[in-house]
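Here is how the chains run, residue by residue.
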Amino acid sequence: MFDHAGRIVSVAQKEHRHIHPRPGWVEHDPEEIWSNVQQVVHQALHDAGLQPRDLAALGIANQRETTIVWERESGRPVHQAINWQDTRTEGLLRQLAASPGADRTRELSGLPLASYFSGPKLRWLLDNVPGLRERAAAGDLLFGTMDSWLIWRMTGRHLTDVTNASRTLLMNLHTLAWDDELVELLGVPPGMLPEIRPSAEVYGEARGELAGVPIAAALGDQQAALFGQTCFDVGDAKCTYGTGSFMLLNTGQRPVRSERGLLTTVCARVGDEAPTYALEGSIAVTGSLVQWVRDNLELIGSAPEIETLARTVEDSGGCYFVPAFSGLYAPHWRSDARGVITGLTGYITKAHLARAVLEATAWQTREVLDAMTSDAGIELSTLRVDGGMTANNLLMQFLADVLNVGVVRPIVAENVSLGAAYAAGLAVGFWESREELRANWHIAAQWLPNMEPDRRDRGYRKWCKAVERSVGWLDEDDEV
Amino acid sequence: MPGRIQSIERAAAILRLLSGRSRQLGVVDLSDELRLPKGTVHGILRTLQHVGFVEQDPQTGKYRLGAALLHMGSSYLDGNELRTRALNWSDSLAARTQEEVRLGTLHEGRVLIVHHVFRPDDSLQTLDVGTLLPAHATALGKVLLASHPHVAEELIEAGMPRYTEMTITDPDRLRRELERVRERGWAAEAGELDPLRASIGAPITDRTGRTAGAMGIFGAPQRLFTSGAPRPELLTHVREHARAVSHELGAIPW
Chain A
1 MFDHAGRIVS VAQKEHRHIH PRPGWVEHDP EEIWSNVQQV VHQALHDAGL
51 QPRDLAALGI ANQRETTIVW ERESGRPVHQ AINWQDTRTE GLLRQLAASP
101 GADRTRELSG LPLASYFSGP KLRWLLDNVP GLRERAAAGD LLFGTMDSWL
151 IWRMTGRHLT DVTNASRTLL MNLHTLAWDD ELVELLGVPP GMLPEIRPSA
201 EVYGEARGEL AGVPIAAALG DQQAALFGQT CFDVGDAKCT YGTGSFMLLN
251 TGQRPVRSER GLLTTVCARV GDEAPTYALE GSIAVTGSLV QWVRDNLELI
301 GSAPEIETLA RTVEDSGGCY FVPAFSGLYA PHWRSDARGV ITGLTGYITK
351 AHLARAVLEA TAWQTREVLD AMTSDAGIEL STLRVDGGMT ANNLLMQFLA
401 DVLNVGVVRP IVAENVSLGA AYAAGLAVGF WESREELRAN WHIAAQWLPN
451 MEPDRRDRGY RKWCKAVERS VGWLDEDDEV
Chain B
481 MPGRIQSIER AAAILRLLSG RSRQLGVVDL SDELRLPKGT VHGILRTLQH
531 VGFVEQDPQT GKYRLGAALL HMGSSYLDGN ELRTRALNWS DSLAARTQEE
581 VRLGTLHEGR VLIVHHVFRP DDSLQTLDVG TLLPAHATAL GKVLLASHPH
631 VAEELIEAGM PRYTEMTITD PDRLRRELER VRERGWAAEA GELDPLRASI
681 GAPITDRTGR TAGAMGIFGA PQRLFTSGAP RPELLTHVRE HARAVSHELG
731 AIPW
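Chains as they are written, first to last, in the working numbering: chain A, 1 to 480; chain B, 481 to 734.
It should be emphasised that the hints constitute simulated quantities derived from the structure, not laboratory data. Do not take every clue at face value.
[What the hints assert, rightly or not] Which residues of chain B face chain A? A few of them, derived with a C-beta cut under 7 angstroms, are: (1) D558; (2) N560; (3) R563; (4) L567; (5) D571; (6) A574; (7) Q578; (8) V597; (9) P600; (10) D608; (11) V609; (12) T611; (13) P651; (14) D652; (15) L654; (16) F705.
[Unchecked claim] Calculated Cβ distances over 12 angstroms to all of chain A for the following chain B residues: (17) L514; (18) L545; (19) H596; (20) E637; (21) R653; (22) P701.
Every residue gets a Cβ at the ideal spot worked out from N, C-alpha and C, and that includes glycine.
I would like the entire structure built from these sequences, with the hints used as guidance.
Pasting the structure below:
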């Protein structure tokens, strides 16, 4: 819950289960998530001593691409939600890639044909859960991403926001409607798709715990963070550093088609305004590498201790760590890559390794930023950052050094939630304009580049060589 | 299995006796209690003194636990960990008070800044994480000294530098001030380090009830103080936010 100045009033959170039925499969329980949402809403209100009537509006930000199918009549999910990280559709995608029109997905949807997105997950459910295709064709089933599921539960309406829809591989990026060609390519009954709505408008009034509160926004989490960071202008960019990292660059009303392996996605659409677009680069392993060092190598007792350890040395001692644990994402998209630690000598200690772990996050950001600059023809002046890893000062300084741009952390770290609140507040007139939101944005910390250009260039050259050593590791007959 | 080393067992017995008393003990007290020759006790004490585990009072000649040992026992939460856990609440404190926020821990008698949030007015500011501030002339320092009296005594012994007319340099005045900080659960100063600056701080307590650090705001005296005292609403924010971080560390169930 946020107040008019964009300050946190109360925070409630609850983890839900990751279900791993098989290697590479990741599922969530939609009923558990719905139950947790109700609990945290109750808790947040309770902690602040407030009632639902005190709320101006509610906005939703959700992990994107997670796919749910449920019964129109009973509201019961027919299967666990398939999480965005789930890779079960890879075989299916190889088939689809051979279909006519498969090369058109980038042009139509802004996305490559990849396991990440909702469309293939939906198709997998239709192909693999007995009876599903027939029931879907008969109009008994509904599809949605997490925003749709929650809005359905809260208001009874079946809709999705345009940013979430832009991650399905089913939406045409230019018309912002379900694309006949893509729907046909993926073989999905159009009747089960939700209505695509703007990111900020009143979808309806909540029932139950929040009775009477307008549900007024939905955004994918990364788009919500961009909104929370008030990156409203062309050339504004943010990177969220969590277990993985996501960098988005606002390209305004122009969808930029990437030549460098980035995604083109909808930034946001507020009411009847024209939509804005973004280029997105995702990095699979950043914070999770620190967790890996903690849990699998046991070099540190807690994630923040990585900074303590890394600070005991001046540099990585020439050691580079490419964490391609499940291949490389943007800008390489090499699923045959696997992790490497290179540049090892007898001199390297665990402290150098800790440093290389942190530096890997910065170098990966540099690769994505270079791709964005080249695709969009926009030079970044400042990178806005958020997420848990921004507490790491050593990393933030190194990031500024290798990107050679200023890095700023805004005063509210919870930008995903804030973005959802901002969009909802705009929709109901709680805030009048984006200008008002910009005035709420303040710098909490800033790191300025302070590295010799020569050292930066040499470091990046070595990083690129390290990446070369990670790709092509998997062979045809390797079991993945 | 190798045998136990008698002198280490005896040293441990001495340390245990010293830790169990608030008063100091002399060689005679210890040798009586442990039924050991005075010469043996004296030798062990000299060795413990050498490694910093005990200290001898210069006036009475009696012994007490040394600072090095106390530091070991109260090993502070890693500063980077503290920053990570405090991130949301320190942002919130800066937003609420419109002032700069810092988190500090004790480091060799001074305040090590482990986290810094800019004053939210978008003026040009520089991160000063890693710098050291004098403990006796800042609110954060007083909070930390109040819960680590042995460090305060060391500081008093070493002499407290004067920065402004307001700086506390008199040992008894500092002791009284720290007593008040302990009672109230917060500290404040206006112009004691810099005539144009003031600070208000409160302790962050960890799971074991130890003071893990201090969190506070820094700003112009006229903004932080009114009629010689910290502004009540600012003080409340500082205390509530420090409490929220303590809660985050698992200290206070609420």
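Hints, one by one, checked against the model:
no.	hint	in the structure
1	D558	5 angstroms, holds
2	N560	4 angstroms, holds
3	R563	5 angstroms, holds
4	L567	5 angstroms, holds
5	D571	5 angstroms, holds
6	A574	6 angstroms, holds
7	Q578	9 angstroms, violated
8	V597	5 angstroms, holds
9	P600	4 angstroms, holds
10	D608	10 angstroms, violated
11	V609	5 angstroms, holds
12	T611	12 angstroms, violated
13	P651	34 angstroms, violated
14	D652	38 angstroms, violated
15	L654	31 angstroms, violated
16	F705	23 angstroms, violated
17	L514	38 angstroms, holds
18	L545	27 angstroms, holds
19	H596	7 angstroms, violated
20	E637	30 angstroms, holds
21	R653	36 angstroms, holds
22	P701	23 angstroms, holds
In the structure shown, a violation is registered for the earlier hints numbered 7, 10, 12, 13, 14, 15, 16 and 19, in ascending order.
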